[in-house]
Amino acid sequence: MTINRRNFLKGASATAAVLTAPAFIGQAQAADALKMAVILDQSGGLDIYGRPMVDASHLAVEEINAAGGLLGKQVDLTVYDPQSTIQFYTQYATKAATSDRVDVVQAGITSASRESIRPLLSRYKTLYFYNTLYEGGVCDTNNYCTGSTPGQTVEKLVPYTMNKWGKKVYIIAADYNYGHITADWVQKYVRDNGGDPVETEFFPLDVTNFGPTIKKIQAAKPDMVMSALVGGAHVSFYRQYAAAGMSKSVPIASTTFGVGNEHLMISAEEGDGMIVAYSYFQEIDSADNKAFVKRFQDRFGADAPYLNELAARQYEGIYLWAEAVKTAGTAERMKVIEALDAPTSINGPSGKVTIDPQTHHAVQNVYLAELKDQKFNIIQTYEQQQPTDTQLVCDLIATPNQSNFYFENGLKAAGID
Amino acid sequence: MDLFAALALQIIYGIANLVLISIGLAVIFGMMRVINLAHGEFLMLGGYSVIVATNNGVNIWVAMFILAPLIVGLIGLIVEWCLIRFLYGRMVDTLLATWGLSLFFIGLITTIFGAQTATTISPPFGAITIGEYSSSGYELFLICIAVLMIILLYLLLRYTKLGLVARGTMQGADMAASLGVSTQRVYSTTFGIGAALTGLAGGLLAPITGILPTIGAIYIGKAFITVISGGTAILAGTASASVLLGAINGIVAFVIGPTMGEVALLLLAIVLLRLMPQGITGRFFKRSL
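Going line by line, the protein sequences match chains A and B. Okay, so the first sequence: first residue is 0 according to numbering that gives the first Met the number 0, each after it adds one. Okay, so the second sequence: first residue is 0 according to numbering that gives the first Met the number 0, each after it adds one.
It is possible that part of the hints are untrue.
[Unchecked claim] Straight line, CA to CA, 20 Å or less: simulated SDA-like cross-link-like pairs of lysine to any residue:
1) A:Lys220 x B:Ile129
2) A:Lys166 x A:Thr140
3) A:Lys247 x B:Thr128
4) A:Lys166 x A:Gly68
5) A:Lys325 x A:Lys166
6) A:Lys247 x B:Ala126
7) A:Lys247 x B:Ile127
Honestly, the hints are just simulated from the structure, not real lab data.
Bound conformation, chain A alone (with noise of 0.2 Å):
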């Protein structure tokens, strides 16, 4: 559109509308429906992770909308892809709040990612349901992180196995802020358990040649491995650990491997007998789940992904919202957060997610499983676990209308030791 005087004067008079008439223009929308926003890598580097996310977004909305909607109305979904770039996150959230005005923002991977729109949709107001795992530590009145944390996964994976394999363990992290807060998080856990947590080493995201690595950990005889690798390239230290002897010598448990579903990209000799620790596994044994299961890959036919903990947590969120809005009786942001709060809890694929009105996470199911033939198998089941990690610095009930993030600086600096 070229400016000349013409359009400028229509833009102007209809901008001088919107600002004149705001609660006018809002309530017009909400009569035709219910808004949500989900913004997620579809291409690039992370879109191992994004793209099931998104066909899981598609999948609660469609069933949403199939049975009658919400308070009557439709769910408008409409989803963003911001090829695993921050700048494009920020973009569409800014578009998603102030332009398509929303009622709810479903988003984000990375830390960064979250980050990044995290206080943009704070500032607009705008609800944000950020469901992928990560390292805890978010205390904001805005936004529910209901994935899982270290403090439910960690804190499990870490006793089993140092039980099971010795107390001698070896982290390997991803060297990003994701990689160094789990890696302070399995050293707590390594100590508490009276383990000793010889040795820690961060990589660049994109190494593929992890030799000299793997030379130090046969010098250093751990017990076992624990990895917080991240990406397409660190799937390359399983196969080369593999391809060196030493999965068998030396087992390996990761709080990060699965969730890009690593295990169907490595051979099953590679990967046999991992062990790992998520909220949900396709492999999870309820009728909830496997009517789940069915139903997604009915819709989506032979591409459906395998799923794992980030799309059924996905899925899982929109129903967490579309639960609270019917409780609410309305789309309106406080009226949703306090019925959020009150909490609101749902049966899901991955069984029972409360909210925890202290820290806006989530009160969930974690499962251990290990691997064997590119499938997890469950071993272990810990109903209804705390976010204890969250909960240790964050109390939105004493102090509502915060905007923080605990762990930013690692957990030294949020005074855990």
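Assemble chain B onto chain A, guided by the hints.
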């Protein structure tokens, strides 16, 4: 002592790894001065050829040594025919065009196979033990292959008619043309051979790396750093740069940590290019291949 031997083997593998990922680029960039930003995607396509072929029951050796170079070589010929041949001598334009090409390949593979593809292959060799340490037998195999690739390429360039004609064309295209050489055909053959070598490397790396549509971006930086640090002589340059960069990367990664290993590699490349702007072979081994 065992540690020393095991580590030495590991560092030699790091060097061989750099040779593998950059040799195809060295042929295309070194001989034709074409900046192929889709080089990483050629590696990725080699990897995908192996994964898809083995998933469909093809023998892993056939997939690695025949299918991967054949498929990627053919793709290289097609790319040269539809795109590159219009852009010779226009370095910035080839840069843009091949960047677009890399995005196209990523999109194409994601569309066909999804964001990831399951694999069933693992390295066809077991581990070898050195005292208390164990190393991957497959990595030893890759070291041999890298050496073999350099020797074969040397023989091809030095002793065959094709090699002679190719070198002549690179040194003076006009003169070669006036002597009756079809320079166009030489260019496309060279590009095809470079692509095939890249496909072979991608295929060989498939059993020990993760293969995703976006994985090419991880290799392209290191491949370019190696080739440019190496300078004008394709083989001597790639080999000498790989030795220096691979060794420093491996040693520092072991002594300090992987992050510093990457930093050391980049730092050395900067220092090398500051001291020798034409690359290593701009100063040493000047008359070599």
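Against the structure, the hints come out as follows:
1. A:Lys220 x B:Ile129: 15 Å, holds
2. A:Lys166 x A:Thr140: 39 Å, violated
3. A:Lys247 x B:Thr128: Cα-Cα ~14 Å, so holds.
4. A:Lys166 x A:Gly68: Violated, at roughly 52 Å.
5. A:Lys325 x A:Lys166: This hinted pair is violated, its Cα atoms lying about 49 Å apart.
6. A:Lys247 x B:Ala126: At roughly 11 Å apart (the allowed maximum being 20 Å), B:Ala126 and A:Lys247 satisfy the hint.
7. A:Lys247 x B:Ile127: Holds. A:Lys247 to B:Ile127 sits at ~14 Å (cutoff 20 Å).
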